[in-house]
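Protein chains in written order, with the working numbering: chain A, 1 to 113; chain B, 1001 to 1116.
I should point out that these hints are in silico values taken from the structure, not numbers from a laboratory.
On a predicted model such as this, the values are computed, not experimentally measured, just so you know.
By construction, the Cβ of each residue, glycine as well, lies at the ideal position given by its N, Cα and C atoms.
Any given hint might turn out to be false.
Selected chain A positions facing chain B (in silico; Cβ < 8 Å) [unchecked claim]:
1. A2
2. L43
3. L45
4. G58
5. P61
6. G63
7. Y64
8. E101
9. Q102
10. G105
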Amino acid sequence: NAGVTQTPKFQVLKTGQSMTLQCAQDMNHEYMSWYRQDPGMGLRLIHYSVGAGITDQGEVPNGYNVSRSTTEDFPLRLLSAAPSQTSVYFCASSYSPRGYEQYFGPGTRLTVT
Amino acid sequence: GDSVTQMEGPVTLSEEACLTINCTYTATGYPSLFWYVQYPGEGLQLLLKATKADDKGSNKGFEATYRKETTSFHLEKGSVQVSDSAVYFCALTNRAGGTSYGKLTFGQGTILTVHP
C-alpha cells in the first residue's frame, strides 16, 4: 500500500512551458485534491474531484487544468508556466471529504524561471 | 468565507518544555478541525482531529480541544522532544455543502524547533 504518490519530486520549467504533475493513490479514495504551498500562506486548494469524471475548481484554479479518468489518478496540468506558479504542490486523497482524514503525497517542488 | 488563524512563529523550545500553539477559526455551519504536521522534506500528516464541539483530539502526546464558544483549537503538549521539530498546520473542513466541497482551509503554519 503506497498511499499517495507524486511525480516528479522536483521540476524546473521556463516561462511558457507546459507540464503535468502526476498523482496516484491506491486506497480506492473517491475524493482527491491539489494544493499549493507558499511561504506564510499555508496550503491553498487548486482543484478537487469527488470521483472519476467529476472535477471542480478550488480557490486558486487559474493556470491549471485537471481531469479524473480513473479513481486512482488525478494529474494536474500547467498550461503555460509562469513564475507565480513557483511553489510546492501537494496532492491529497480521502475516503470522503466530510470530516475524514486526507492523506497527502510527498509533494512536487516546482520552480518556474 | 472560512478562515484559520495560527499564532505566528517560529517557536523555539528546549526539550521537555511545554508547547501551546494557538489556533482560532471563522466558519459557518459545523466545521471539523484538524492539526497536520509536516516534517522536513515530507508531505503533511494528520496529527489529530475533532469533529464536534468539546471533542478532544489526541495523538503522540499532543492534544487539542474543539471550543465552539471561543472558536479555538489550540495544540498542546506537556513535554516536547527534538523529534517534534516540524511545521504545524491548523485546518478545518466545513461539512456544510456549497463550493469547494471538502476543502481544507489551512492556517499559515507554525515552525517549531526543539533544541536538546
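Enumerate the violated hints, using their earlier numbering and listing them in ascending order. 1, 5, 6 and 7
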